[in-house]
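Visitor: The lines below spell out each chain.
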Amino acid sequence: MNNVSSRAAAGRLLREYKTAQKDKNEHVSIAPVTESDLFHWVGYIRGAEGTSYEGGEWKIDINVHPLYPLFPPEIKFVTAMCHPNVDWKDGTICLDILKGQWSPAFTLYSACMAIVALLSEPEPDSPYNVDIANVMRLKDHEAADSLVRYFTYKYAMQ
Amino acid sequence: MDDVSDPSDWTSTSLPQLEPLDTGLRCRICRDWYTAPMITECSHSFCSLCIRKCIAATPSAEAPCCPICRASVTEVRLRRNQVLEDLCFWFRSSRMTMLEFAKAQAESSQEKKDVSGKRRRHHLVNKTESSQEDGIRRSSRMRRSVSYQEHLDLDHEQPTEDNSAANSGCFVILDDEEATNGLVPCPVCNQRMTEKQVMRHIESCLSVKSISSSSHQHSLNGTTASSTSKPPKTLLTSSSFSSKPFQRLPKLQYSLLNESKLRNKLQDLGIPAHGNKQTLQNRHTEWVSLWNANADLTSPKSKTQLLRELSEWEASLTRYALQGKKEEDLDAWAMTHKSDFQDLIAIARSSVQKKQKAEEKSSVIEAEPRKLEEVAVVEEPDEEITSLSNNFVSGVSSED
Chain B
32 MNNVSSRAAA
42 GRLLREYKTA
52 QKDKNEHVSI
62 APVTESDLFH
72 WVGYIRGAEG
82 TSYEGGEWKI
92 DINVHPLYPL
102 FPPEIKFVTA
112 MCHPNVDWKD
122 GTICLDILKG
132 QWSPAFTLYS
142 ACMAIVALLS
152 EPEPDSPYNV
162 DIANVMRLKD
172 HEAADSLVRY
182 FTYKYAMQ
Chain G
357 MDDVSDPSDW
367 TSTSLPQLEP
377 LDTGLRCRIC
387 RDWYTAPMIT
397 ECSHSFCSLC
407 IRKCIAATPS
417 AEAPCCPICR
427 ASVTEVRLRR
437 NQVLEDLCFW
447 FRSSRMTMLE
457 FAKAQAESSQ
467 EKKDVSGKRR
477 RHHLVNKTES
487 SQEDGIRRSS
497 RMRRSVSYQE
507 HLDLDHEQPT
517 EDNSAANSGC
527 FVILDDEEAT
537 NGLVPCPVCN
547 QRMTEKQVMR
557 HIESCLSVKS
567 ISSSSHQHSL
577 NGTTASSTSK
587 PPKTLLTSSS
597 FSSKPFQRLP
607 KLQYSLLNES
617 KLRNKLQDLG
627 IPAHGNKQTL
637 QNRHTEWVSL
647 WNANADLTSP
657 KSKTQLLREL
667 SEWEASLTRY
677 ALQGKKEEDL
687 DAWAMTHKSD
697 FQDLIAIARS
707 SVQKKQKAEE
717 KSSVIEAEPR
727 KLEEVAVVEE
737 PDEEITSLSN
747 NFVSGVSSED
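Protein chains in written order, with this note's numbering: chain B, 32 to 189; chain G, 357 to 756.
Heads up, some of the hints might be wrong.
Subject to a maximum C-alpha distance of 20 angstroms in a straight line, what follows is the list of computed EDC-like cross-link-like pairs (lysine to aspartate or glutamate) [to be verified]: (1) B:LYS53 to G:GLU463; (2) B:LYS120 to G:ASP687; (3) B:LYS49 to G:GLU375; (4) B:LYS53 to G:ASP388; (5) B:LYS55 to G:GLU375; (6) G:LYS468 to G:GLU456; (7) B:LYS49 to G:GLU456; (8) B:LYS90 to B:ASP121.
Hints were generated in silico from the structure; no laboratory data involved.
Throw the hints in and build the complete structure from the sequences for me.
Guide: The following block contains the structure:
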């Protein structure tokens, strides 16, 4: 472990890594970038079936605070994501549990699952991506759906 | 990595039912075994240090809340959860044995499955005979968990192949248990006792075995009576609070103290007293958490150890702060020199335009070689701009 200082955090992250290796989920897969540095993870999020994000796979970047789990991890989308609560340019996610509502009982994995849930339940009233949020606020579901599907097809499908 | 124990260790064994128990004996904050567990007002338990740090990390504007249910918690109302600590101790002490046991069991049953997969069909006739024979035992076994059923069936198919395997002993024990009024034998010394007692007994049984493996059967008979009736010394001392040398530290109202007073307080406590007020405040908060959690420990650590932990904590924070600063600095540098950058680009562009104009003029005079010139014009300005910006970039990196 290169970071002796945050031993408690490293111990917990090591357990999370062990669990993540065994718990495979169709929506989320996460792993540290290198085994020597457990404070930087990379993951993939797959859109749930039946949603506009179906079939897409987005890369996410997870930066862990040295005092994790007292402070939330920083999670960002690397792949372009069209969602009212995700910044189009830098992929920042507006999710309460990644900010003030974080609890040390959450894990990196559960935080990612919360992001998956956010995909199917957007909050257009506190938007990062104003354009798609406005379409949603106008209740033009068809337009919103096709926009999301288009960007999913363009950026998140290999 | 393998030396870190985890509830998921049980999943691939023959006892996956133990996974929730394993999870339940770990703190939800650090995911490690409970160390001096404290129970909150909302009846959730956490390691003393974990919950204290968690409360200390809550912004002062918000009320600290339970990480699990978000009910409000206060540090002074935390109480020790002695039962949980003891349970944790007992489970940990027998965990390795149980895990190895369950792993071996899973492996052997896997092997059996591989073999019996082919044999099963041939044994169908024999099986009906044997099941009639064991009619009574079989029906009573139905009450047991379903996952055992398969192993039991396998045991019956090949009773002769089980002789070598100590791992199948588990199911033999189950059979015997019914015959002897709910008493089960210890897997190590075979002495009979209730199921509850066995868990506690195994630990002492194994420790004795490791000391004198040759005479273990004899010595165990003497020790079991005492070990089942009372816990080992380590746990007995844990309940005697009076002998603790550590007095809990009170929290400070930082807003009422100025920097020099706070510095004096830190010096009095014997911890580093450099830095500005915010640093002092953070350090003091961390120290109080470390100290008070240490006071909850069964065998508290020395102050030197705590000071080391404090400096580790501080080092990790400064490293993190520095990392952030470097990136910020670069961004800030780029922002402040943005105008310079744009000026340079503008100069480059204008010089390109001048050249183009000059060449257009010359092309009016000499219409013939224009085409050749055009090619050169397209290439030249690009080079100029890139070389200029390259100089600029190299200037940035060298200054940085």
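Visitor: If you check each hint against the structure, which ones fail?
Guide: none
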